[in-house]
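Colleague: Below are the chains, spelled out letter by letter.
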Amino acid sequence: MKRRDFLAASAASALPLACRPKPEFPFSGELVGPDLALGHWLRGGAFPDPDRFEPVSVLVVGGGVAGLSAAWRLAGEGLDDFHVLELEPEPGGTSRSGQNHVSAFPWAAHYIPVPDRGNHAVLRLLQECGVLEGFDAKGDPVFPEEATVRAPEERLFAYGQWWEGLYLRAGASAEDERQYHAFFQEVDRWAAFRDRKGRPAFSIPRSRCSDLPETRALDQLSFEAWLDARGLSSPRLRWLLDYACRDDYGSRLDTTSAWAGLFYFAARKQGPGEDSRPLLTWPQGNGFLIDHLRQVAGARLNCGVMATSIRAEKDGLRVTAWDALNQRRLGFRARRVIFAGPQHVARHVVEGLHSARPASTRIRNAPWMVANLTLRARPKESSFPPAWDNVPRDSEALGYVMATHQSLRDYGPTVWTWYRPFTGPDCDAERARLRALDWPACARMVMDDLRKAHPDLEQLVARLDVMRWGHAMVRSAPGLLWDPDFLALATPFGGVHFAHTELSGLALFEEAQDHGLRAAEEVLMALGHYGRTWR
Amino acid sequence: MDDLPQQPTLRAPLLFISVLLIASCGLIYELVAGTLSSYLLGDSVTQFSTVIGVYLSAMGLGSWLSKFLHRGLARRFVDLELAVALVGGFSAPILFQAFAHTHAFRVVLYAVVLAVGTLVGLEIPILMRILKDQVRFKDLVAGVLTLDYIGALFASLLFPLLLMPKLGLVRTSLLFGLLNAAVGLWSTHLLQSQLGPTRMIRLRCLAVMVLLAVGLGFAGKFTLAVEEEIFADDIVYARDSPYQRIVLTRGRGSFQLFLNGNLQFSSADEYRYHEALVHPAFGLRPDAKRILICGGGDGLAVREVLKHPSVQEVVLVDLDPAMTDMARQQPMVRQLNGASLDDPRVKVINADAMVWLQETTGSPFDLAFVDFPDPNTYALGKLYTSRFYRLLQRRLTDEAMITVQSTSPLMARESFWCIAATMEAAGLKVRPYHLAVPSFGVWGFALASKQDFEVPTHVLPGLRHLSDAATTAMFAFPKDMDRVPVQVNRLDNQVLVHLYAREWRRWS
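These protein sequences, in sequence, are chains A and B. For the first sequence, the working numbering begins at 1 and goes up steadily by one. For the second sequence, the working numbering begins at 1001 and goes up steadily by one.
To be clear, the hints were calculated from the coordinates, so they are not data collected in a lab. Warning: the hint list may mix true and false statements.
Stated by the list, open to error - What follows is a list of derived Cβ distance ranges for each label pair:
(1) B:T1361 / A:H292: 22 to 32 Å
(2) A:D448 / B:N1262: 36 to 46 Å
(3) B:K1347 / A:Q327: 37 to 47 Å
(4) B:L1114 / A:S28: 35 to 45 Å
(5) B:S1049 / A:A377: 15 to 25 Å
(6) A:L437 / B:K1347: 51 to 61 Å
(7) A:G130 / B:Q1487: 23 to 33 Å
Note that beta-carbon positions come from the ideal geometry of N, C-alpha and C, so glycine has one too.
Bound-form chain B, shown alone (with noise of 0.2 Å):
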């Protein structure tokens, strides 16, 4: 081997500049697949074993493939950078594809991987063949394994800063689609020798980059269409309870939370809503000590009621501990709740509310802040029912003072007063009030205690949103908004599901 003759007409060196390529090509495939399915079907820890072990274990199919390959190597490595630059570059917006329109995502998400991994598996054998005439046997392993390492830095450095970031998922896969279709046409240059005529090899070329070219220019259409079928900005983190799927998306300067595709939370104007929630209670009891928060796992009320001083213990029910989870160690979303879930006062429970209520005693609370998902199911209607209320109330002290969110007054304007008037029948007496929040509406709030109250007049000072007066302001009702008769909500009616329903239908 050591003494094979030299022969300059294959450019040995520049080939092994395409080992580095398609190293970066293959990896990045890998990345995508782990990334995508991490954001479509949440646990990312599971997506990503499963994506790098299927992938790695094809790409070893793919090298015990490769000794059945005989004659026209060179012929046959060009055609295989074709089929990766096809396969892999065009694997996001499959992908996404089948997660938008069938029921067997996961079937093609494994099919993929296993088609790019074993086309990648192939790639290296083959042109380590090719080149084994040209170079020692030690240089060539040496060279070729150290630029198939570097080639998987750069796409692994690359992805997280660059790509994503900047380009996306789809447009990043169809990019280096086109690269591996590159690799394929300078290859044809390279092997010149070995290829005989060229022409159609390299018009197959062109055509392959053509497509994946008119697959770039599309992609922000694409994306458009498919990516954003589903949630409007990058998904930065996604995971599946066996209660509701929990998603954060960022974009323009901020971030959200959707339970379920529905949005609970924007960063850029929660405060409005929180401050809302929160401090016009505490205005009429601003020496409030015990307090409990029914919902709002994300620890964004937990946060303002904290900004008062009176205030010793805070027990949130919430149901999903992975929300709660999320709330505590997710970056940004610990950075918007100041961490609260951690503070000392603050005890979490992990539990439906309502049974909750239903099925513990303890010392009475001074405040109740309750803030669950609209009730757009029966399993979350139950907790606007009268029964709620009632159970609620015995968990209260007489002078207590509940705030309740209800809808929106405007979009949802009978199901809003169905809160209102429920509440009432279970005893209340309460004063709904209303702010603008710009990623909801309109959105409403009833503030209930067991006693008459008059609305109250003085809040926190320096709040972002509330002052004085217009804490005040809110409690006034223009006439698109004022109150309409409504049935009261029951475990045994649940009409506020029904009326919910058929409002929000006309919306969306």
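Just chain A, same shape as in the assembly (with noise of 0.2 Å):
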């Protein structure tokens, strides 16, 4: 073979490798659950009874925040009889966290406000926590410096570099002063409301909050129309404001209540004219809790399973499930149900719950797109250092928490949670749009998103995993919360006992308890345990 022929030839046999695709990104990763093809199974399926039906006294449906509250609530009155149904192979439900050589790190909610002295649920969560240290000399609750979100807490990305906090001072306007400090007037105000009960307008959960008319009229309108209502125009203001609606309910000014927009502000001071109330977090996010309620429900947890079908018979409940881990049909017997799951989910499982309950159709669940990264190493950076919570503006998603900022770790590998809620005003086509993009459209959505701040993160991430919410939220709309149907949705129906966040109208780790405990206690109540509530 000539020497030319020799190049010729090996030229071309290394023609197919060079035309090979190359692979988007040099990293890997996955959409990992929640299980849609379980979930939307539920509803076309009919399934045939199981051979059994096992005794039970209260079956509690959701391994969520609000099914395993439910559960520590009966645990805690002694009444051990009970099994706790979780779809999903983790319990937690948005509070779930994940784990990987670097950290611990969230799949959603990732933190709590400080607890006010009254809120005695939540107290009671983190004393057995072990993240109480007691309380001071006027009673309120004491908790140690690690426990809270250290400092720096938030920065927000703007014109190219990043600024220290969420509202941009810099460059902002007298005018645009005056209308923040006119904002926080406002919501000083709201703070200091108390009815003729003593109770406050705006506190978590908000079953302490007063129900007069002046307060749930603020319900009748969007937050948008109410800013409107007083001139609160300022750009600045309006996109911190924005920015609130979109990470606690997943929607806009114009899709969120009023009530909902000023609950978000003014639940969390600690009074008139103080500071909102510190964050309390964790690695793995609000999964640190959840850890310790799956301790607590032990082996009664059960993960994989799903309940098909609720139906009141003369003797109790007779519920069926599919045990989709160990691919059997299973059936219990219960004297009640507890059930922690979305109504949408209830309509297809509670027998005769849909047309006793149209109000149920009402409940709109944001979509969100959840993206776990691991790092290598950290972007070089020369303007303010990284937080805690790192917030693009001008952006769609609602930026990254870093997991190792808690641990205390600033140099090396690291984890970042990115959030991007779909607000569109359309739940249903939003759900579809998320639902049809695979991996490699949502890693391009979310380096799309973090290359403006991070140039060279792409060669920093080793991995970069999806989770996909379809119902990650209830959207706070107007005219919802107050709603007498709306609100009668967590009353119990023949034996069956709701629990969930969105029976509040607002996506909260302690409305999510609130209603476990609530839902627990008429059951304890109904079995004729007649103890202290823990609310």
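Both chains are sitting in their own frames, so use the hints and assemble them into the complex.
Modeller: Structure below.
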């Protein structure tokens, strides 16, 4: 073979290699739960009955915060004869967390504000978890500094650099500043409000809030209309408030109730004129609290099990379920059921519920995409240093939370949890849009967003995993939160008691816990246990 | 080839001398680029390897390009000398400017190295072709290459022994540029027979020489403006670790360590600082056996600790292996710390001290010395929080003493007292003290213990600065440094970082 022929031949053989498409990203990853297929199977299916129905006092359907809190309450009263059925392989719902060789990390909810002294349930839980240090002379709870978010808490990416805090002070006009203060004066006014029973207008959980017409009227208009009426038009202020709506409700200023918008700020105030309550957080987010609750539930928690029907009969409730892990049908005969799942599932599972309570169809859930990026090293930066929460101003996404911030690791590998709510007005359309995204499309969305602030990020990413939450959080839409038919969804239905954060119209750990405790205490009363309330 | 007629009009032997000179110049430019990039970027192995690689391959490129030059070789040679003189001569000033004012230092670096290398690569082939008609080929090759390599030897010896210490980088590069231009001028004389009219060429040579001479004249000012923009003295060691930039400079009979541009010690007066850090605590616990040092990767605190015969074990926790490696290996630092980190009693752990305290357990320590850089970032600020001092106490005996370097009570009075107040909030009894360290100013420490204690009245004899009387005197605070009310520095507020930045801004 002549030299030239050899070169030509080797060039030709190398050609297919050279033409093979290079992977778009130098890292790998996958789409992780929730199990969309299993969930949607429910809607289609007729399930044959199981051979045997196991008798049980209480069956808790759903192992999220509400279901696990109900179990925690039942176990706390010494009622041990119950099961918790969770569809997913892991409990926790939107407080789920993950763990890899670098750090634990959240899959969604990742903090709670420090509870006030009246929030007994959260204080009790935090005490059990060893987070509550004690109470000060005034009776307010004291938390160790390492439990609350380490400074710097937040930073904002705008004009090509990072700035301290979420409200962009740099370049704000005198009018911007005036409106900023005017808004927070309004918040202070509501923080100081007490009705004749001494109830505040806004408090966490909302069951402690005043129901006076004066406060309920706020739910009749959107947050945007409320701001319009007060002449609060500063773009910076509106950005901050819109961010709050996207962050806590998965909606925008115009699709969020003014009551919910003010709740976000006023319920977190320690008092008029004081700062917002500090936030309690952990590397794995609220997964820290889930870890404790699942321990309490112990072997009574059954994951990968989906309740398929709940029917009231003379001798109690007949529940059928599908054990996806072992591929078998299960049956239970329960004295009471706590349905700790969302209403759009309840109306397919609980017989007769759909026709009796049409209001449940008014609930809208926003879809979210959450990505966890494992980084080999931190990107180089020169402006305001990395914070716990890192938010881009010009983005549909909410930015990322750094898992290693709270564990004090300032160097080397880390995990970033990136959040993006789908805030379009039509939740179903948004959900379809999210479901259509495969891993490369998701990774592209994440990287395109993060690249603006971190141009060199791609080479640092070791893994990028994505969770597509179809029903991540209830939207606090105007007119929903104080609607009597909506509020009635939380009342028992023929032996089935309901617990879920969406029954508050607010997607919060504390709301889920409150409904879990309420439902559990309803059941305890019905079964003849008369203990003191934990709420 | 062997029977070529001799042409006495060309002065071949003298032209061989220019080979010696241009070879020296060529190597100097290469050394300047390599040294400069090692100083500025750190990691000298990479910098020298890449600079030499690019330079040599550029010379190859130049040699190859030489075949495209045909006529007027003598004129081309003079022009070439002037081009090398300009690009090579101004290479150091250009690179310093690029480092100080642009973000594309590496691009400029390799562009300059490529340009100088290509031009230098052209020189020898062209000179050989000029000489080929006067000298027999075997003599030509032997002569030119011999002098080329000898010139390189001259340069490589001159550079570290004479040029760098006496002239510095900028003057060296300009001086050799001048030499290159002089070779050009001299060539107009040697090659006169091939050049034709030489007036314009000589004027050009003179113009280039004047330009370089002016550069040399301003080099003092220029070095001040650019090199000192970065460091006041010559840099003798620089390295970028993943955590910080470590720079060692030398000047006026002492040397200094900088971390991220902040002075950590000067060899002239560090004994004052380190004696004050270590010995007062020992004055109260003269029989301390197990010692913890957080930070202090330079090994200087360890040196003081090891003066106490009671010491059986020293654990030093420093974030950066690059720092502790340098303290062990860099000859000047190793001499200053007395090779303390290689003492068999010393155990070096490279970890973030706070994470280490949080995640490990072990036998309690009798004394702890906390010697971190000042809290000018959040990552450093966390090491001054009440949480840190609580974590630290978990690893100490009940009688243990703690000493914390706590910035200047004069320049950053609130920061200083914030550290003391934070230690108190963590349950410690604190007695702050201070002394003068000329290269820092008035400097402060906080001596603390879980139990009440009296100020030390006795220190180890034979120290350079501290005596018994001087030790006690450090604990008295004059009015302008006395206690001020401050907030406690907590993990969730990190007030100290803000306080510190605000206070030091006044002095810079």
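Colleague: Could you tell me which of the hints above the structure violates, numbers in ascending order?
Modeller: 3
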